[in-house]
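Build out the structure end to end from the sequences listed, making use of the hints.
These protein sequences, in sequence, are chains X and G. Residue numbers 1 to 278, in this note's numbering, belong to the letters of the first sequence in order. Residue numbers 1 to 256, in this note's numbering, belong to the letters of the second sequence in order.
Treat the hints as calculated values from the structure; they're not laboratory data. The structure presented is a predicted model; accordingly, all values stated were derived computationally and were not measured. Do not rely on the hints blindly, as some may be mistaken.
Here are the computed lysine to aspartate or glutamate pairs in the EDC-like style, where the Cα-Cα straight-line distance is at most 20 Å [to be verified]: (1) K73(G) to E253(G); (2) K63(G) to D13(X); (3) K9(X) to E23(X); (4) K16(X) to E19(G); (5) K26(X) to E210(X); (6) K236(G) to D57(G); (7) K36(G) to E191(X); (8) K10(X) to E66(G); (9) K10(X) to E135(G); (10) K119(G) to D33(X); (11) K93(G) to D13(X); (12) K16(X) to D20(G); (13) K80(X) to E210(X); (14) K32(X) to E137(G); (15) K36(G) to D13(X); (16) K61(G) to D13(X); (17) K227(G) to E244(G); (18) K9(X) to E207(G); (19) K63(G) to E244(G); (20) K9(X) to E135(G); (21) K9(X) to D20(G); (22) K10(X) to E115(G); (23) K249(G) to D233(G); (24) K93(G) to D233(G); (25) K197(G) to E148(G); (26) K48(X) to E115(G); (27) K115(X) to D184(G); (28) K270(X) to E210(X); (29) K32(X) to E135(G); (30) K61(G) to E244(G); (31) K93(G) to D272(X); (32) K32(X) to E138(G).
Across the chosen pairs, the derived CB separations fall in these ranges [to be verified]: (33) E135(G) to L159(X): 35 to 41 Å; (34) V28(X) to A39(G): 31 to 37 Å; (35) R33(G) to H155(X): 47 to 53 Å; (36) V192(G) to I195(X): 50 to 56 Å; (37) M242(X) to I90(G): 47 to 53 Å; (38) I238(G) to V28(X): 39 to 45 Å; (39) L240(G) to I196(X): 51 to 57 Å; (40) V28(X) to T34(G): 26 to 32 Å.
Note that the Cβ used here is the ideal one computed from N, Cα and C, for glycine as well.
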Amino acid sequence: MDKKISSQKKVYDSAKRAHPAWEELKGVLRYKDLIIQLIRRDLVSRYKRSILGIGWTLMNPLGTMLIMTIVFSRVFSQVKSYPVFVLSGLIVWNFFSQTTQHCMSSTLWGSGLFKSIYLPRTSFIISSIGTGIVNFGFSLIPLLIIMLFTKTPIHLSVLMLPVNLLLLSFFALGVGLLLSAYSVFFPDIAEMYTIILMAWMYLSPVIIPEATIGSIMNGLLLKINPLYYLIKLFRVSIYDGMFPSISLVLSAGGISLAMFTIGWFVFTKKSDQFSYYV
Amino acid sequence: MFNRNKMIDSNRDFDILLEDVTVRYQLPDEIVRTFKEYAINFVKGKNKKRSFLALDDINLKIKAGETFGIIGKNGAGKSTLLKVISRVLIPTKGRVITCGQVYPLLQLGAGFHPELTGKENIFLNGTLLGHTRREIEEKYQNIIDFSEISKFINAPVRTYSSGMQARLGFAVASAWQPEILILDEVLSVGDVAFQEKCHNRMREFREHGTTTVVVSHSPDMITSLCKRALWLDKGKIIALGESEIITQKYKTEMGV
Numbered sequence: 001m002d003k004k005i006s007s008q009k010k011v012y013d014s015a016k017r018a019h020p021a022w023e024e025l026k027g028v029l030r031y032k033d034l035i036i037q038l039i040r041r042d043l044v045s046r047y048k049r050s051i052l053g054i055g056w057t058l059m060n061p062l063g064t065m066l067i068m069t070i071v072f073s074r075v076f077s078q079v080k081s082y083p084v085f086v087l088s089g090l091i092v093w094n095f096f097s098q099t100t101q102h103c104m105s106s107t108l109w110g111s112g113l114f115k116s117i118y119l120p121r122t123s124f125i126i127s128s129i130g131t132g133i134v135n136f137g138f139s140l141i142p143l144l145i146i147m148l149f150t151k152t153p154i155h156l157s158v159l160m161l162p163v164n165l166l167l168l169s170f171f172a173l174g175v176g177l178l179l180s181a182y183s184v185f186f187p188d189i190a191e192m193y194t195i196i197l198m199a200w201m202y203l204s205p206v207i208i209p210e211a212t213i214g215s216i217m218n219g220l221l222l223k224i225n226p227l228y229y230l231i232k233l234f235r236v237s238i239y240d241g242m243f244p245s246i247s248l249v250l251s252a253g254g255i256s257l258a259m260f261t262i263g264w265f266v267f268t269k270k271s272d273q274f275s276y277y278v
Numbered sequence: 001m002f003n004r005n006k007m008i009d010s011n012r013d014f015d016i017l018l019e020d021v022t023v024r025y026q027l028p029d030e031i032v033r034t035f036k037e038y039a040i041n042f043v044k045g046k047n048k049k050r051s052f053l054a055l056d057d058i059n060l061k062i063k064a065g066e067t068f069g070i071i072g073k074n075g076a077g078k079s080t081l082l083k084v085i086s087r088v089l090i091p092t093k094g095r096v097i098t099c100g101q102v103y104p105l106l107q108l109g110a111g112f113h114p115e116l117t118g119k120e121n122i123f124l125n126g127t128l129l130g131h132t133r134r135e136i137e138e139k140y141q142n143i144i145d146f147s148e149i150s151k152f153i154n155a156p157v158r159t160y161s162s163g164m165q166a167r168l169g170f171a172v173a174s175a176w177q178p179e180i181l182i183l184d185e186v187l188s189v190g191d192v193a194f195q196e197k198c199h200n201r202m203r204e205f206r207e208h209g210t211t212t213v214v215v216s217h218s219p220d221m222i223t224s225l226c227k228r229a230l231w232l233d234k235g236k237i238i239a240l241g242e243s244e245i246i247t248q249k250y251k252t253e254m255g256v
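Spelled out as C-alpha cells, the structure:
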C-alpha cells in the first residue's frame, strides 16, 4: 500500500516553479471545486437567512431606478423611456462596483488562510465574480418587469447578453485582481476606492445620458473611460434593441482582455509576497 | 514533467528536503499599514526597511515515514520553517523539495462559515484542503461519525459550541491519510475522550507511513513522539539528531 502512495506523490520543488501566472492558472483548474463551494457559500449566506433574500437583489436596482427616474426624468426629458435607460446601465454598474469591492474583502478574509495552507490565491477573487454573475441574472428580473411595464420592445439583440456579460466579467476580474493585490498591503485602498467609484459612476453614462457627458471636453472623458464601452455594449443590446457594432465589441473585448492580463500578472507576482507581510 | 518526477521518486530517500533555505522578512522601520502613511513617508523619503532573518541557511532532510520534531523558543523561526515546507512561503534563497501533499493540521475549522450548516462547511473546508467534491462525498459519513455531531449536521455552525467546531474541523482535516502531516503545538480538541481519538488517529497515520513534522516548545512532547529532532534558535540550527539528546541539550540550556 505504501508503495502505491509513493508512486502517486506530487513533487513540489521551489526551485523549479514555472512562471507564477501559469502556476496560478494550473492551481485554479485543480481547485475548481473550491471555487464552486465559495460561490455557494456567498449565495447561501446572503439569501438563506432573510425572507427578502433574493428580493434584496431585485429591490436595490429597482429602488435606485425609481429615485433616479423621479429626480432626473425632468432634467433628461429628451431621453425616451428613461427608467429602462437607467436600469440597463445600473445593472452593469452594480455588477462592476459590487464584484470589485467583494474581491478585496474576500481576499482580505482569505489572507489568514493563505498564511497556513496552500491555496490558489485567486480562487477567492474568481468566486467573487462568479457570485456577481449569479446576482446579475437575478437583476434581469426587475429590468424585464420595467420593460414590460413601460412597453419597451424587447429585441432579438438581448441574445448578446451572455457575450456582453463575459466581457464585463473579465474586465471586473482584472480590476478586482489589481485592487486586491495592493489592498492586502494597504487596507485603506478599499476606502479610497469607494470615493473613486462614486466619481466614476457620475463620469460614466449610467444615470446621465451619453450626449451630456460627451459634450464635456469633446467626448474625451468618454473615450478614456473603459467602462463606457462596456456600458454601451449592454445599452445598445437592451435599450436600443440593436446588435452592437463589430468595432464596439472589439474595443470592449480588447479592453477586457488587457485589463484581465494586467490584473492576473500583477496579482500572481505580488501574491508570493503576501506571506512575507507580517 | 512526469519523467522528472519519476527521477526524483526513484532515487530519493527523503520526503522533505531543504537546501540552504534562507527567509528574510523586510520589516519597515515603522509598521506602515495604510497607503496614506506610505505615501507620506515616500515623499519624506522615510520608507527605509530593516531586514530580519527568520531562517538562516537551513539544510535539512526528513526521511519518508519519519516523525520529526522541531523545538525552539517563540520567535525561533519554527512557524516560518513550517510555512516554507507547506509551500505557503517561497524562500528568499535556497530550495525546498517536498514529495507528497503537505497537510498542515493547524487552526482547525479556520475556513468555517458561521451561517452555513455543518454539512455545507464539510464541503467548504474539504475543498479548501484541496479535495474534490467527489472525494468529500466518499468520506462524508466517516467525517460525521468521527465528529459525533450527526444530530446537528444540518444546523448552522454558529450554533455549535467551540468544542463541536473543533471536532468537526479535526474530522474533516484527518479524514484522508496525509502524505506529509504538520502538527503545530499540542492537539487539544474537545474533551479527554475525543483527544484520545485524535491521538489514535495520528498514531495510525504514522504507522501507515505518513511523514510527520511536530513543532512544539515542550521537550517531553517531542521525545514521546519523535526519533529525530531539531533545535532551532534565531533562525539557525543549534543541534540536530536523536530527539532525546537534542531535548536534553535544550533543557540544560533553558535551565528547565
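Results of checking the hints against the structure:
no. : hint                           : result
1   : K73(G) to E253(G)              : holds, 11 Å
2   : K63(G) to D13(X)               : holds, 16 Å
3   : K9(X) to E23(X)                : holds, 18 Å
4   : K16(X) to E19(G)               : holds, 13 Å
5   : K26(X) to E210(X)              : violated, 42 Å
6   : K236(G) to D57(G)              : holds, 7 Å
7   : K36(G) to E191(X)              : holds, 11 Å
8   : K10(X) to E66(G)               : holds, 18 Å
9   : K10(X) to E135(G)              : holds, 17 Å
10  : K119(G) to D33(X)              : holds, 16 Å
11  : K93(G) to D13(X)               : holds, 13 Å
12  : K16(X) to D20(G)               : holds, 15 Å
13  : K80(X) to E210(X)              : holds, 13 Å
14  : K32(X) to E137(G)              : holds, 16 Å
15  : K36(G) to D13(X)               : violated, 38 Å
16  : K61(G) to D13(X)               : holds, 14 Å
17  : K227(G) to E244(G)             : holds, 8 Å
18  : K9(X) to E207(G)               : holds, 18 Å
19  : K63(G) to E244(G)              : holds, 18 Å
20  : K9(X) to E135(G)               : holds, 17 Å
21  : K9(X) to D20(G)                : violated, 24 Å
22  : K10(X) to E115(G)              : violated, 35 Å
23  : K249(G) to D233(G)             : holds, 13 Å
24  : K93(G) to D233(G)              : holds, 19 Å
25  : K197(G) to E148(G)             : holds, 11 Å
26  : K48(X) to E115(G)              : holds, 9 Å
27  : K115(X) to D184(G)             : holds, 14 Å
28  : K270(X) to E210(X)             : violated, 37 Å
29  : K32(X) to E135(G)              : holds, 13 Å
30  : K61(G) to E244(G)              : holds, 19 Å
31  : K93(G) to D272(X)              : holds, 14 Å
32  : K32(X) to E138(G)              : holds, 18 Å
33  : E135(G) to L159(X): 35 to 41 Å : holds, 39 Å
34  : V28(X) to A39(G): 31 to 37 Å   : holds, 33 Å
35  : R33(G) to H155(X): 47 to 53 Å  : holds, 52 Å
36  : V192(G) to I195(X): 50 to 56 Å : holds, 55 Å
37  : M242(X) to I90(G): 47 to 53 Å  : holds, 51 Å
38  : I238(G) to V28(X): 39 to 45 Å  : holds, 41 Å
39  : L240(G) to I196(X): 51 to 57 Å : holds, 54 Å
40  : V28(X) to T34(G): 26 to 32 Å   : holds, 30 Å
In the structure shown, a violation is registered for the earlier hints numbered 5, 15, 21, 22, 28, in ascending order.
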